[in-house]
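K.L.:
Chains as they are written, first to last, in the numbering used here: chain A, 142 to 588; chain B, 346 to 843; chain C, 3 to 133.
Rather than coming from a laboratory, the hints here were simulated on the basis of the structure. Incorrect hints may appear among the rest.
Unchecked claim - BS3-like mimics (lysine-lysine), calculated; alpha carbons at most 25 Å apart, straight line:
#1 C:8 with B:742
#2 B:832 with A:178
#3 A:320 with B:519
#4 A:444 with A:464
#5 C:114 with B:832
#6 A:490 with B:646
#7 A:178 with B:516
#8 B:743 with C:65
#9 B:743 with C:13
#10 A:464 with A:320
#11 B:486 with A:178
#12 B:839 with A:320
#13 A:464 with B:486
#14 B:701 with A:195
#15 C:13 with B:545
As the list claims (entries may be wrong) - Residues from chain A that face chain C, not an exhaustive set, calculated with beta carbons under 10 Å:
#16 178
#17 425
#18 426
#19 453
#20 454
#21 455
#22 460
#23 461
#24 464
Just so it is clear, CB atoms sit at the ideal spot from N, CA and C, and this is done for glycine as well.
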Amino acid sequence: MSYIPNTDQDVREMLARIGRENADELFSHIPDRFRFKGELELPEPVSEMELISKMRQLSQMNSSLRDTSSFLGGGVYHHYIPSVVGHLIERAEFSTSYTPYQPEISQGTLQAIFEYQTLMCLLTGMDVSNASMYDGASSTAEAVLMALRSNRRSRIALSSTLHPEYRRVIETYARANDKEVFLIPYNADGSTDTGLLSERIDEQVSCVVIQSPNFFGIVEELRNAEKIAHSKGALLIVVFTEPIAYGLLKPPGIYGADIVCGEGQSMGIPPGFGGPLLGILACRQGLLRALPGRIVGKTHDMKGNGSYVLTLTAREQHIRREKSTSNICTNHGLCALAAAVFLTSYGKKGFRSLAAINHGRAEYAKSALSKLAGVKLRFSSPTFNEFVIETEKDPDKIASRLLDEKILFGIRLENYYPELENCTLISCTEMSSKQEIIRLCTLLKEI
Amino acid sequence: MMHEQNKKIKLPGINNLSFDEPLIFELGSEGRIAVRLPDEQPVLSLPQHMVREEIVGFPQVGQSELVRHFTRLSQWNYAVDTGFYPLGSCTMKYNPKVNEDVARLSGFSYSHPYQPERLVQGSLRLLHELEQWLCSITGMKRATLQPAAGAHGELTAMMMIKAYFEDMEEKRTKVIIPDTAHGTNPASVSMCGFSVVPVKSGRFGLLEVEEVAKLMSEDVAAVMITNPNTLGIFECNVGEIAQAVHEKGGFVYCDGANLNALLGKVRYGDTGVDLVHMNLHKTFSTPHGGGGPGAGPLAVKDTLVPYLPVPLIDRHGESYRFNYDLPKSIGKVKSFFGNFLICVRAYAYILALGAKGLSQVSTNAVVNANYIKSALREHYHLPFDTPSLHECVFTDKKQQELGVSTLDIAKRLIDYGFHPPTVYFPLVVTGALMIEPTETESRETLDQFIEAMVRIAQEARENTGVLHDAPHRSKVTRVDEVTAARKPVLRWEKTLHP
Amino acid sequence: MEFPEKLLYTKQHEWILNEGGTARVGITDYAQNQLGDIVFVQMPQAGTVLSKGESFGAVESVKAAADVYAPAGGEVVEINQVLEDHPEYINQSPYSDGWIIKVKLSDEGELKELMSAAAYSELVQKESEQR
Numbered sequence: 142m143s144y145i146p147n148t149d150q151d152v153r154e155m156l157a158r159i160g161r162e163n164a165d166e167l168f169s170h171i172p173d174r175f176r177f178k179g180e181l182e183l184p185e186p187v188s189e190m191e192l193i194s195k196m197r198q199l200s201q202m203n204s205s206l207r208d209t210s211s212f213l214g215g216g217v218y219h220h221y222i223p224s225v226v227g228h229l230i231e232r233a234e235f236s237t238s239y240t241p242y243q244p245e246i247s248q249g250t251l252q253a254i255f256e257y258q259t260l261m262c263l264l265t266g267m268d269v270s271n272a273s274m275y276d277g278a279s280s281t282a283e284a285v286l287m288a289l290r291s292n293r294r295s296r297i298a299l300s301s302t303l304h305p306e307y308r309r310v311i312e313t314y315a316r317a318n319d320k321e322v323f324l325i326p327y328n329a330d331g332s333t334d335t336g337l338l339s340e341r342i343d344e345q346v347s348c349v350v351i352q353s354p355n356f357f358g359i360v361e362e363l364r365n366a367e368k369i370a371h372s373k374g375a376l377l378i379v380v381f382t383e384p385i386a387y388g389l390l391k392p393p394g395i396y397g398a399d400i401v402c403g404e405g406q407s408m409g410i411p412p413g414f415g416g417p418l419l420g421i422l423a424c425r426q427g428l429l430r431a432l433p434g435r436i437v438g439k440t441h442d443m444k445g446n447g448s449y450v451l452t453l454t455a456r457e458q459h460i461r462r463e464k465s466t467s468n469i470c471t472n473h474g475l476c477a478l479a480a481a482v483f484l485t486s487y488g489k490k491g492f493r494s495l496a497a498i499n500h501g502r503a504e505y506a507k508s509a510l511s512k513l514a515g516v517k518l519r520f521s522s523p524t525f526n527e528f529v530i531e532t533e534k535d536p537d538k539i540a541s542r543l544l545d546e547k548i549l550f551g552i553r554l555e556n557y558y559p560e561l562e563n564c565t566l567i568s569c570t571e572m573s574s575k576q577e578i579i580r581l582c583t584l585l586k587e588i
Numbered sequence: 346m347m348h349e350q351n352k353k354i355k356l357p358g359i360n361n362l363s364f365d366e367p368l369i370f371e372l373g374s375e376g377r378i379a380v381r382l383p384d385e386q387p388v389l390s391l392p393q394h395m396v397r398e399e400i401v402g403f404p405q406v407g408q409s410e411l412v413r414h415f416t417r418l419s420q421w422n423y424a425v426d427t428g429f430y431p432l433g434s435c436t437m438k439y440n441p442k443v444n445e446d447v448a449r450l451s452g453f454s455y456s457h458p459y460q461p462e463r464l465v466q467g468s469l470r471l472l473h474e475l476e477q478w479l480c481s482i483t484g485m486k487r488a489t490l491q492p493a494a495g496a497h498g499e500l501t502a503m504m505m506i507k508a509y510f511e512d513m514e515e516k517r518t519k520v521i522i523p524d525t526a527h528g529t530n531p532a533s534v535s536m537c538g539f540s541v542v543p544v545k546s547g548r549f550g551l552l553e554v555e556e557v558a559k560l561m562s563e564d565v566a567a568v569m570i571t572n573p574n575t576l577g578i579f580e581c582n583v584g585e586i587a588q589a590v591h592e593k594g595g596f597v598y599c600d601g602a603n604l605n606a607l608l609g610k611v612r613y614g615d616t617g618v619d620l621v622h623m624n625l626h627k628t629f630s631t632p633h634g635g636g637g638p639g640a641g642p643l644a645v646k647d648t649l650v651p652y653l654p655v656p657l658i659d660r661h662g663e664s665y666r667f668n669y670d671l672p673k674s675i676g677k678v679k680s681f682f683g684n685f686l687i688c689v690r691a692y693a694y695i696l697a698l699g700a701k702g703l704s705q706v707s708t709n710a711v712v713n714a715n716y717i718k719s720a721l722r723e724h725y726h727l728p729f730d731t732p733s734l735h736e737c738v739f740t741d742k743k744q745q746e747l748g749v750s751t752l753d754i755a756k757r758l759i760d761y762g763f764h765p766p767t768v769y770f771p772l773v774v775t776g777a778l779m780i781e782p783t784e785t786e787s788r789e790t791l792d793q794f795i796e797a798m799v800r801i802a803q804e805a806r807e808n809t810g811v812l813h814d815a816p817h818r819s820k821v822t823r824v825d826e827v828t829a830a831r832k833p834v835l836r837w838e839k840t841l842h843p
Numbered sequence: 003m004e005f006p007e008k009l010l011y012t013k014q015h016e017w018i019l020n021e022g023g024t025a026r027v028g029i030t031d032y033a034q035n036q037l038g039d040i041v042f043v044q045m046p047q048a049g050t051v052l053s054k055g056e057s058f059g060a061v062e063s064v065k066a067a068a069d070v071y072a073p074a075g076g077e078v079v080e081i082n083q084v085l086e087d088h089p090e091y092i093n094q095s096p097y098s099d100g101w102i103i104k105v106k107l108s109d110e111g112e113l114k115e116l117m118s119a120a121a122y123s124e125l126v127q128k129e130s131e132q133r
């Protein structure tokens, strides 16, 4: 395949115009010892139809959520993506456009992002949102960096119920900045032990990071964490991996969170084997200038027409360079657009219904599963659409057996929490039908 | 350089039917919904004080209103699929549609990152092979596909370098960065607690060994270069610079944003580079999406392999497995394995082109850029008259004498139907206009662009007024960025927009 | 371009006016002109103790941002709050309404190292030629 329109003849004529014999002359100034004289070790090129065939074969070596019944969650969820989302983001004017640095010819992207920013503020209860980050994990890491920059302290308190991948990323970013991370354990009921937080927090702690619903699916009581964090002048960062939860739960903004960040994949973005996802980052007004990433603002043009533009750019890398709020340049614009279309699809009434259905399916599964012999609910606290069960049998053996029936069992928690033996995180969404749940229960009974 | 054909060149111009369209929050009415869900009213098992009502302010539109709204917005956008983007160092090449189809195969798009390895062998094989191909292209040992963008790749590299020196119990606090560097370079460095040591580029916009050697010490962890640099010029002193840096135990990091000039021609590893990041959304044709998502894989030489983020993907006979066994790994820079669906597109691109195809990409990218450079040099000031590769940089020096700036030139190009080139970057040149056509532009498009630039140069002599107020034909004219920054309005609010 | 005689200047384009031990600090007419329309001023908190040459904030325009450095050391006793709503005062009157901070000088001797209006004017001349 080639995507080059010019023929050899075109190139010859162009070279003649430049006054060159052949194209090689244009590279001749490169020192010879750097010139690669071999052939790159790549497979033979293929035509478009061969390409599709090969890629299809490769994709068929995978199972997916389309050909299985899945109870996998843990930060990436199986939600229905309304048809309008794909069609609209596929539009070339959205997908093949560049970052909207020239506002006169990017009003489409700019207005859509302004709408996205608004939706994120409404969802989280915060004052301002940026135009997106890479994913929930890196977004949380950047939220931590924001806190470190704003109060110049050196310690970071992380709840141990924060998603393990998120914790790993924060630790990586923190270590690179010579800052200390410490974990706050969880209670028997699966929520963060705020009592211990209260004991261990001091005036060197820059921020307290807590996830709700947490990795166990449990809805945390944010009021305690807020009081404790603010009593020591630390920022409260609330994280989420399942934004649909906020269709039903009060948003973190109401509890006084300083920064709210997390994952937007549930809103119109396919699981994609973990990427691209959607990092959401929102904060209260006072932290606006510390917010990384692009932000779209409203303004007027010379004729007085309302228009949108990237603003507060002096925070960013292309102006502030080493003093910028972050190095982020390319973000996840098209994913943010998908989220905006998704939320618009369901809207005020639909989003609440969606959240309620998610919760309802999970409660149904919770109830049915906990009635089975050899299965019990590990934590008693309220959950949204994920919960932890403890089985007598080894979860790996269960998972293996279920796979024969094309069912994907939940995430084995012992991999991340060695004390949670035989515990599995089960996720249910509007895509988990009652029949599937019943089938899961039936099979578990047999095992 | 004028030829008779010029008189027949018809410029694309812009003249679209574009409707005014309010914010989605201002459309529709109470109770409307675009997509219906199953009719269920489950009992809630949540304490009442945790529950919220419907979100006031969320849109309420029917499906036809929704589609019309976003379709109309899309029509206000310029895009690669509508026209030419000569943006220097962005490599706005054509985004193959077959890659979009491939990324949407459900085996790829609907695989869950927590699925057991044996159920995602297709994905693992793709990631492993892509890694190998990228290493082959750059002459490096192993790569991580985890970084989500170029800047993210830079950050990963800096973290790895820092981890290495901590492991060696050496304290190094500085990184040398040329004045031609992209802003993400110093920003990434700062995010790791290093401080930036700037080095001035020399006479031809190139880095000189003596200048780097002067600044190189055992306190310097690395030098960051871009090759070719942001002027489109090949850093021919890279070998000696690498030597000077290696002698004092430092690393050479290369920002591979400009790889489109060198595919199959030069491998970074052969020039003394120790780490290099690539931009899949530049060189490897994945779409820009109005600001991402992209991907910024980072390839490294032997010494730094142990510090790569986890997991790597290794081959064991016929199967592929995650490898988390890197005790010296820096950890992770994002969740899971990277922007997988972007990697799928890049994989398909490389598979389609093969080695010869990629080499041809660079050949044509360089021919196209030199074609433009040759045609425009009599009309615009060329700050460095030295061979350049896939992009060229002009300045507004000639036009400034007539009271016309780079900004005016850029905005006027819009009226002729073109997206402006990169402007005011790199900073070493005042009023820079950085032009990178890429290989997927036809000669006719290049001729049209040249013609437009020539006409603008003429307008600068004859009619500066039309330039100062440009663009005239776009949906909106120049916007008030000052008020937008002084009094930021960053969201719709019911009270502000009744 | 104006460079009032009664002020002292730094190489980084700040001015300082000693008013009996407490000094007013701002940026020069040249600096505001280079930056363009100022959109935001980052100011320290009152009570901050600065040393000579230490950065105490930044002045931002749409396309650029410049750090501002203390011409002489001391304690910040007052900041020009009105700049929060009217950053444009720095463009309009950089030497009067556009003052940024007031510093209680710790060592008036540090002022001797600064430039006079004439010397600063020369510096600006040279810099403009280089552009």
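K.L.:
Taking the hints in turn, state whether each one holds.
P.N.:
Going through the hints against the structure:
no., hint, result
1, C:8 with B:742, "violated (37 Å)"
2, B:832 with A:178, "violated (57 Å)"
3, A:320 with B:519, "holds (18 Å)"
4, A:444 with A:464, "violated (35 Å)"
5, C:114 with B:832, "violated (40 Å)"
6, A:490 with B:646, "violated (54 Å)"
7, A:178 with B:516, "violated (39 Å)"
8, B:743 with C:65, "holds (23 Å)"
9, B:743 with C:13, "violated (30 Å)"
10, A:464 with A:320, "holds (18 Å)"
11, B:486 with A:178, "holds (19 Å)"
12, B:839 with A:320, "violated (41 Å)"
13, A:464 with B:486, "violated (33 Å)"
14, B:701 with A:195, "holds (19 Å)"
15, C:13 with B:545, "holds (20 Å)"
16, 178, "violated (44 Å)"
17, 425, "violated (17 Å)"
18, 426, "violated (13 Å)"
19, 453, "holds (8 Å)"
20, 454, "holds (7 Å)"
21, 455, "holds (4 Å)"
22, 460, "holds (6 Å)"
23, 461, "holds (5 Å)"
24, 464, "holds (7 Å)"
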